[in-house]
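Student: Sequences are here, hints too, so could you generate the full structure?
Chains as they are written, first to last, in the working numbering: chain A, 1 to 114; chain B, 1 to 110.
Calculated directly from the structure, the hints in this document are not laboratory data.
Treat the hints loosely; a few may be bogus.
[Stated by the list, open to error] Here chain B is said to cover these stretches of chain A; the calculated rule only asks that three of the stretch's residues, wherever they fall, bring their Cβ under 8 Å from a Cβ of chain B: (1) 57-63; (2) 104-110.
[Said to hold, decoys possible] To spell it out: a stretch of chain B is covered by chain A in this simulated footprint if at least three of its residues, at any positions, have a beta carbon under 8 Å from a beta carbon of chain A; those stretches are: (3) 42-48; (4) 94-102.
Note that the Cβ used here is the ideal one computed from N, Cα and C, for glycine as well.
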Amino acid sequence: AQSVTQPDIHITVSEGASLELRCNYSYGATPYLFWYVQSPGQGLQLLLKYFSGDTLVQGIKGFEAEFKRSQSSFNLRKPSVHWSDAAEYFCAVGTSGGSYIPTFGRGTSLIVHP
Amino acid sequence: NAGVTQTPKFQVLKTGQSMTLQCAQDMNHEYMSWYRQDPGMGLRLIHYSVGAGITDQGEVPNGYNVSRSTTEDFPLRLLSAAPSQTSVYFCASTAMGGQYFGPGTRLTVT
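Tutor: Structure representation (structure tokens):
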């Protein structure tokens with residue numbers, strides 16, 4: 001079975017600084033990978049996804065993520081963080097040939113200082 | 001196009017009571033799922049469905065029941081509520097491109 005690890009429970013950055021949120025997965029074949037964002041009191045919104053092809057994936061709100069098979073990682077990045085990016089971020093992994101219902105990591109809470 | 005809707009938004013139950021959380025989607029997706037979200041635990045899959053009449057258990061199915069009589073609806077039933085079921089519940093509708101989540105139901109069991 002697949003699993004996802006988000007090593008950082010909390011990340012604090014200053015507004016305007018760059019951001020990288022880490023995600024490592026465990027799965028034997030090529031996974032489907034997702035990043036979701038959850039603002040306080042809201043549901044989850046899909047930021048970006050990787051299925052195949054180019055390993056650098058662009059998403060909404062200026063986010064991007066890079067799939068590195070050798071490191072089993074799918075880290076999320078943003079060059080300049082805005083205060084409105086403060087939220088909970090979840091990495092998820094799905095499996096090819098499966099039910100397209102992914103397994104989620106425990107999340108990373110992003111705090112943005114002015 | 002409402003996407004995924006959930007009712008109620010908030011609910012307080014006493015231990016032993018039963019209730020049904022409603023979920024509906026209007027995107028004609030075959031796959032639907034229920035998650036619970038607890039602090040520090042991420043989202044854990046309770047039950048899922050790959051089409052009308054077909055359901056299966058997820059990671060934490062105990063104490064919950066589901067059915068899928070139509071493509072649109074996927075209700076979650078709590079059979080006998082326990083304090084351990086205090087949580088935020090999310091329903092999701094899945095296409096290959098990702099999942100679409102409802103706004104959630106915050107359930108408190110006293």
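Student: Each of the hints needs a verdict: does it hold here or not?
Tutor: Results of checking the hints against the structure:
1. 57-63: violated (count 0)
2. 104-110: Coverage by chain B holds for the region 104-110 of chain A (4 residues, Cβ < 8 Å).
3. 42-48: Coverage by chain A holds for the region 42-48 of chain B (5 residues, Cβ < 8 Å).
4. 94-102: It holds: at least three residues are needed, and the region 94-102 of chain B offers 9 whose Cβ sits within less than 8 Å of chain A.
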